[in-house]
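Undergrad: If you want the building blocks of each chain, they are given just below.
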Amino acid sequence: ELKVEQNPLFLSMQEGKNYTIYCNYSTTSDRLYWYRQDPGKSLESLFVLLSNGAVKQEGRLMASLDTKARLSTLHITAAVHDLSATYFCAVDISRGAQKLVFGQGTRLTINP
Amino acid sequence: GAVVSQHPSWVICKSGTSVKIECRSLDFQATTMFWYRQFPKQSLMLMATSNEGSKATYEQGVEKDKFLINHASLTLSTLTVTSAHPEDSSFYICSATPGQVNYGYTFGSGTRLTVV
Chain A
1 ELKVEQNPLF
11 LSMQEGKNYT
21 IYCNYSTTSD
31 RLYWYRQDPG
41 KSLESLFVLL
51 SNGAVKQEGR
61 LMASLDTKAR
71 LSTLHITAAV
81 HDLSATYFCA
91 VDISRGAQKL
101 VFGQGTRLTI
111 NP
Chain B
1 GAVVSQHPSW
11 VICKSGTSVK
21 IECRSLDFQA
31 TTMFWYRQFP
41 KQSLMLMATS
51 NEGSKATYEQ
61 GVEKDKFLIN
71 HASLTLSTLT
81 VTSAHPEDSS
91 FYICSATPGQ
101 VNYGYTFGSG
111 TRLTVV
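Protein chains in written order, with this note's numbering: chain A, 1 to 112; chain B, 1 to 116.
Rather than coming from a laboratory, the hints here were simulated on the basis of the structure. Be a bit skeptical, because a hint or two may be false.
Stated by the list, open to error - In the EDC-like style, the derived pairs of lysine to aspartate or glutamate whose C-alpha atoms are separated by at most 20 Å in a straight line are:
1) A:K68 to B:E59
2) A:K41 to B:E22
3) A:K99 to B:E63
4) B:K41 to A:E5
5) B:K41 to A:D30
6) B:K14 to B:D65
7) A:K3 to B:E59
8) A:K41 to B:D88
9) B:K41 to A:E44
10) A:K99 to B:E87
11) B:K64 to B:D88
To be verified - DEER-style ranges, computed between Cβ atoms:
12) B:D27 to A:T28: 26 to 36 Å
13) A:D30 to B:M45: 18 to 28 Å
14) A:F10 to B:D27: 31 to 41 Å
C-beta: ideal position from N, C-alpha, C; glycine also.
Here chain B stands alone, though its shape is the one from the complex (with noise of 0.2 Å):
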């Protein structure tokens, strides 16, 4: 089946630094990704809609030059959170679409970011 590998698994940072999560499909082609962000207790809330070779579509209120996504290849989109403060800590998932409608969203492992 379709299998997406994100890194880190959880990432400790200081508050103004930079870091990066990747998002990756195994075993086949993501013309599309996207990351969602999800608090404690929350649900999942759609940041961006990542496509290949393109900008990324922001949902509104999202700053998209505090998140920076890049969808260089088929099978590799990056989110780095820029400047990084407490309130970015969050959990972040990534998910990616074959683009057959019976495979549905795979999703990643999610990246547990604290920032201090």
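Chain A extracted, bound-state conformation (with noise of 0.2 Å):
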């Protein structure tokens, strides 16, 4: 069974600072996804991981994948306030059957 682990859980930065989300997962997969959720809403797509050492960048947010090490880390540099929402991971194991597994969540609260 596929198992999907993020860390921190919970973070509580200050504005300016950098950090990182990491995402492990247990099993094979090429494809992994970033999500970012604001209270009460749905999920916005930030990024989508589709090779070993893929790497994407969208503002104050970069995104890799690590296939070998089932490694994804979501790095946020000189975050702002405007940043503070829940980031999921989610790890795409569409071999046969489609299926999408999420990792637990990162609330990140970012304070001014």
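Reassemble the complex: the two chains are provided individually, in unrelated frames, and hints are given to aid placement.
TA: The following block contains the structure:
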């Protein structure tokens, strides 16, 4: 059974600081997604990582994927308050039946 | 980009009644749609995978007779919560994929169900 684990689950940081959220998964997959969820809202797609070594950046967020280590990271640079949200990674095990398995989520709070 | 519309956004119903939630892909055809449930401060749990023209595939522990899924067309899937009880109160989210790898999965806006 595929397990997806995020670390940390809660993160409180100050504006201007850098930090990294980690996403580990237990079985082979070469597709990983990062989503943002604001309170009471659905998911907003941030990144789609499709191959080993993939790196994508959008604004202050950068995501990477290491399929050999079964690890993805979401790096936040010079955090701003607007980035406060819950971030989920999700792993696609579309071999046979399509299925997306989510991590527990990381609740990020950025303080002014 | 791919857009998925979900209705209603929120619904309050009495115990014992049924509620239907619709999920539509607006600008692409989705042979497969997915239904998730999210309890407060928890992650998304896949309930079932809905395939156009065939029976849904339910995840372990999800009662298929309680959560009826219909995927009658390439753009519409519905989830009906039958004989709802307060413990069914949750945030229900659908998603769909055009099937092209680069698009990934697009999520609907979610439905907040409260059973009283």
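Undergrad: Check each numbered hint against the structure and report the violated ones by number, ascending.
TA: 1, 5, 10
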